[in-house]
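Novice: Chain residues, written in single-letter form:
There are 2 protein chains.
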Amino acid sequence: MAKKTTSPAVSPFAPARFPALPAIAGLRLGAMAAGERYRKRADLTLMELAPGSSIAGVFTRSTMPGAPVLWCRKHIAKGKARAVVINAGNANVFTGRQGMDDVAATAKAVADAVGCKPSEVMVASTGVIGETLSVDRLVRAVPDLHGKLKGNQSKNAGWSQAAKAICTTDTFPKGASATAEIDGKVVTIAGIAKGSGMIAPDMATMLSFLFTDAKLPSSVLDDLLRWAVGQSYNCITVDGDTSTSDTVLLAATGQGAKHGKVTDAKDKRLASFKVALLSVCQDLAKQIVGDGEGASKFITIDVTGAASAKAARQIAMTIANSPLVKTAIAGEDANWGRIIMAVGRAGEKADRDKLSITIGGVVIAEAGHPHPDYREEQVVPHMKGQFIDIVVDVGVGRGKARVWTCDLTHGYIAINADYRS
Amino acid sequence: MAKKTTSPAVSPFAPARFPALPAIAGLRLGAMAAGERYRKRADLTLMELAPGSSIAGVFTRSTMPGAPVLWCRKHIAKGKARAVVINAGNANVFTGRQGMDDVAATAKAVADAVGCKPSEVMVASTGVIGETLSVDRLVRAVPDLHGKLKGNQSKNAGWSQAAKAICTTDTFPKGASATAEIDGKVVTIAGIAKGSGMIAPDMATMLSFLFTDAKLPSSVLDDLLRWAVGQSYNCITVDGDTSTSDTVLLAATGQGAKHGKVTDAKDKRLASFKVALLSVCQDLAKQIVGDGEGASKFITIDVTGAASAKAARQIAMTIANSPLVKTAIAGEDANWGRIIMAVGRAGEKADRDKLSITIGGVVIAEAGHPHPDYREEQVVPHMKGQFIDIVVDVGVGRGKARVWTCDLTHGYIAINADYRS
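Residue numbers (the numbering used here), protein chains in the order written: chain A, 6 to 426; chain B, 6 to 426.
Pulled out of the complex, with its shape left as it was, chain A reads as follows (with noise of 0.2 Å):
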């Protein structure tokens, strides 16, 4: 049953066209080529916020996180932010005292530029490890981009610049949006990621960019950001690596339709939009897996009757991480066996002769042996699909979890023994 599994140039998943996302009022942004690395491509994206705007921000648990992710550690705790930089190419992890000058130069152009302190932006950097920034290059080109915005805003354009120059080894660009009520007035939430490789939940786990235009204290957009970051990010995996420079940032102009004040995160006036955000970070974070490398299959992975939600994640995640389990995907081979390993290797309570796995629909086993009716032809047409749907059932309690994960193929391996990242 096994078929080639070399990836395309552009994910099976990348969707027609970059969604037409909306203007935040208050959010300028847009994207110009610096020349750091890449050459011909946009790769230094400026995100400009109206004064007043508030920010909140996860970042890896990596120990050995980049400079940028320390400086926005540093300054994110005020909660105010007039910029968020962004270059690609270049992470500035592992670049000793030299890396930390290197943010603040850029900060400080780009707070020159806006008319701010270096503290109120943010920075972010995704790329090489190891090398150290052509930051003269960055800090000369901020006026140019910084000049371009407004046009930008008009245009509606600065959206799909950025989400482009943000890339690295991802194949297409990625956008959601939503919007939602509060007071009954419209509020709008969108964003942009990019991740592709060393994707892996532990905390947050790529780049993300979430703007609206409702007036939020950073405090309640922290609370909120953890719970949908619980939810969406921190439920995929491509390969379980985890990068140096995770980051999603969530900022709110307050320049949209005035809604009543809201000071804490459980106000049920914010019913409609955490649904909003989740559904933007969910989006997002199905995007990134979709773009997994090499990806052929999206895969979710229910994992129900555990013994509490987290013993759940972890079984789910094993699952999801067993390069077994994904190859028997990338062969369209229903090899539930693989799954069954991964469990007992989770090494949370798992009860074998309750165990259920259902495939597609199909239920494969169930009490602890293969079902008597299951025939492997059942499940063929599912596993020939592109989205591959897998639930486990462990059997001691009520603790369930869905990740989402991408197969594992000739595809990631061409892309990692190449490109260095």
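Check the hints yourself; a few may be wrong.
To be verified - So, partial list: chain B residues that the calculated Cβ filter (under 8 Å) puts toward chain A: (1) Ser-67; (2) Gly-101; (3) Ala-422.
To be verified - Simulated crosslink set (DSS-like; lysine-lysine; CA at most 30 Å straight-line): (4) Lys-354(A) to Lys-83(B); (5) Lys-266(B) to Lys-122(B); (6) Lys-315(A) to Lys-354(B); (7) Lys-266(B) to Lys-190(B); (8) Lys-354(B) to Lys-83(A); (9) Lys-113(A) to Lys-359(B); (10) Lys-315(A) to Lys-315(B); (11) Lys-354(A) to Lys-79(A); (12) Lys-79(B) to Lys-354(A); (13) Lys-315(B) to Lys-354(A); (14) Lys-405(A) to Lys-359(A); (15) Lys-83(B) to Lys-263(B); (16) Lys-79(B) to Lys-359(A); (17) Lys-354(B) to Lys-85(B).
By construction, these hints were calculated from the structure, which means they are not laboratory data.
These numbers were taken from a predicted model, which means no experiment stands behind them.
Heads up, the beta-carbon is just placed ideally off N, CA and C, and yes, glycines get one too.
Could you slot chain B onto chain A? The hints should help.
Specialist: Below, chain B alone, put in the same frame as chain A:
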């Protein structure tokens, strides 16, 4: 620097020929084709031990162990065995009540042939998960197979037969031996192993059967085996996946040169025996890594300067299991940024500003930044070789660990998107 990473039919690390293993007094072994799964190759292995032999074993930590593992765990506690029977092609895992009955039937057939109790027969299986054994075929084959053993012993042909018959996706049979002295008397240790994929260091990690003609009680064997496994089979990884069937057995026939009674593994008279046992276990463990599915590079990772030996091992294993590190090495790229990423992801204490990385003796990074004298050309010859040595000092303590792994190539994908394990 990328090169083609498809794997040859036989691992480049396969020895020119199977080693000439010595006869172990009191052990007879051999194999034959029982037709359980494979056609035209031996797949059923029998090892007969002299009366009075002692045995110890370590088994998978999987929460979904196969029926043979459950059988062995139950019966090995008595420390006695007269036979070991192994079938390849069907792991007898997740086969419910029937699986247990099939193990018992196999053990009984062997016990009848050998003239012992079924509880003195250890059983191991490897292969497909979730399919019921054709146990009648195995049972029917046992008397013939037992009849062969005597002849094998005189020619010493049994080792090679057995080493081949326990293989599944292995590309070469694996054997090793060593001699030691106890009380000035020469004793011998010899063993075989199989394993290629689904290899990770969570307890025993594959099948291995070790024998000595020394006279050692099972309590001593148990302590010695756990100690040796911790520094050999538990220090290797191919894909981070842990089998449901992992089994390592160590049996002592007591039929060799007479030495004084030993009752404690800490007995200083075992010094030479421990060296020999560890040598055999590490030799077999490294052969498994060298036969890692699709392996083109044999990688040794030393982590030093960690908070503890356990922390060092965790960091080393995170590097060893990183698909990004493994694919970079497959591509002969000294992409040390991915090593930094893996260290950061391991979750153990590491001081970024004291971290150093050495590859093939070339200091690449030191004190939190790239070494000023490092030029990529320096490490190119090493990366093009078959044996890659990585040393990472994380700068926080004195803990250290060494692990062995292989690279991740197109060969791994080809094998696993195709083979049903």
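Novice: Could you check the structure against the hints above and give me the numbers of any it violates, in ascending order?
Specialist: Of the numbered hints given earlier, those the structure breaks are 11 and 17, listed in rising order.
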